[in-house]
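If you read the protein sequences in the order shown, they are chains A and B.
Oh and the first sequence: position 100 is 100 in the working numbering, straight run, nothing missing.
Oh and the second sequence: position 16 is 1016 in the working numbering, straight run, nothing missing.
Simulated from the structure, these hints should not be mistaken for lab results.
The reader is advised that the hints may include incorrect statements.
Under the rule of at most 25 angstroms between Cα atoms (straight-line distance), these lysine-lysine pairs were calculated in the DSS-like manner [said to hold, decoys possible]: (1) Lys1036(B) - Lys83(A); (2) Lys1036(B) - Lys45(A); (3) Lys1036(B) - Lys37(A); (4) Lys31(A) - Lys1036(B); (5) Lys37(A) - Lys1031(B); (6) Lys83(A) - Lys45(A).
Here is how the chains run, residue by residue.
Number of protein chains: 2
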Amino acid sequence: HHRDSVIFGGRGMSLEETINTSNDYYRIQNKAVIYKKPTPIQIVKVDYPQRSQAVIREAYFRNASTTDYNGVYQGYYLDFEAKETTNKASFPLKNFHQHQVDHFQNCLAQQGICFTIMRFSSLERYFVTPASLLINYWSQQSQGRKSIPLKTIIETGYEVKAGFRPALDYLEAVDQLIAKTNLKNLGENHGSK
Amino acid sequence: HHRDSVIFGGRGMSLEETINTSNDYYRIQNKAVIYKKPTPIQIVKVDYPQRSQAVIREAYFRNASTTDYNGVYQGYYLDFEAKETTNKASFPLKNFHQHQVDHFQNCLAQQGICFTIMRFSSLERYFVTPASLLINYWSQQSQGRKSIPLKTIIETGYEVKAGFRPALDYLEAVDQLIAKTNLKNLGENHGSK
Ligand SMILES: [Mg+2]
Ligand SMILES: [Mg+2]
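So here's chain A without its partners, still in its complex pose:
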């Protein structure tokens, strides 16, 4: 239906737009406070023209040391990276970077809720997968395979359907991830609610 392609979030929007509009919706609904981090830039030269705003005239992209998104949801620290592939059977590890894996490990050690949102754009399917899945495949890639099979992602992650408001209700999947994390960490910092 033509209506679908206009209304439903996933289609036509980039993954980043889909997540950003979902985050806007979550904030307006007081459901969560999650932002994409700005791109880190090293500023070298700024002009201050009279009667108009400052213009950056020379600046360079710096290497990020974290993931793209973080925030707070019902007392939980959320941290995630969003990536997409046109592959149909597996998600390539080359879409991720060492600093993202390191950051996930650091945040997991602090009991953060860490995950990836993976989009298979040819299939129009989205998955929230625990960061531990990426970490496991990442650490074995020199001996093993260079991508995570879709089959494993289906088994280990949580599928999210694109919708209207929010465009991608990934917190529904995060609820399941949190429930599973709490089962494993009974008696830890976060009690069951």
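Given the structure of chain A, go ahead and fit chain B with the ligands onto it with the hints provided.
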């Protein structure tokens, strides 16, 4: 002593440097994962010279919608803003902005641990104060006073002494803030440890 002025964090370093090096230390010690957010920039024009890195040639500062720092500490979402004044008796509210106050309120509603780090640079004293103190004074400033008295900050906040490693051990104060928050929210999401 001359040695103090070289070694001790607070002196000679800007407040931002003091906090950033403390965050580096906390990360290396696996104590917490806290970063300063990059300045949000709108990039208009980028040159891609041959055989060298991309250069941003036109960009503009965008308004921030959050605070400067956030991260995760023992399962808690931390969110804070760092500000300094040369005043000796009170901290001016004009150092803060509406979007920071709004962001604190949103994060508090999600059970985040929200605070300010205030530096009285003439006194070389630092305080971690709960965001609720800023919110209270902020909301009354049209009828009331335009600054928070040092006396009130001493009573309501937690003083932190500048040191060596970390340059400013503000997590010690945050521990006290968390303990007090948990006392108020018994039975909520975070149990006592
Ligand atoms: Mg990304
Ligand atoms: Mg600031």
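Going down the list of hints, with the structure as the test:
1. Lys1036(B) - Lys83(A): The hint holds at about 23 angstroms.
2. Lys1036(B) - Lys45(A): 21 angstroms, holds
3. Lys1036(B) - Lys37(A): 10 angstroms, holds
4. Lys31(A) - Lys1036(B): 24 angstroms, holds
5. Lys37(A) - Lys1031(B): 22 angstroms, holds
6. Lys83(A) - Lys45(A): 32 angstroms, violated
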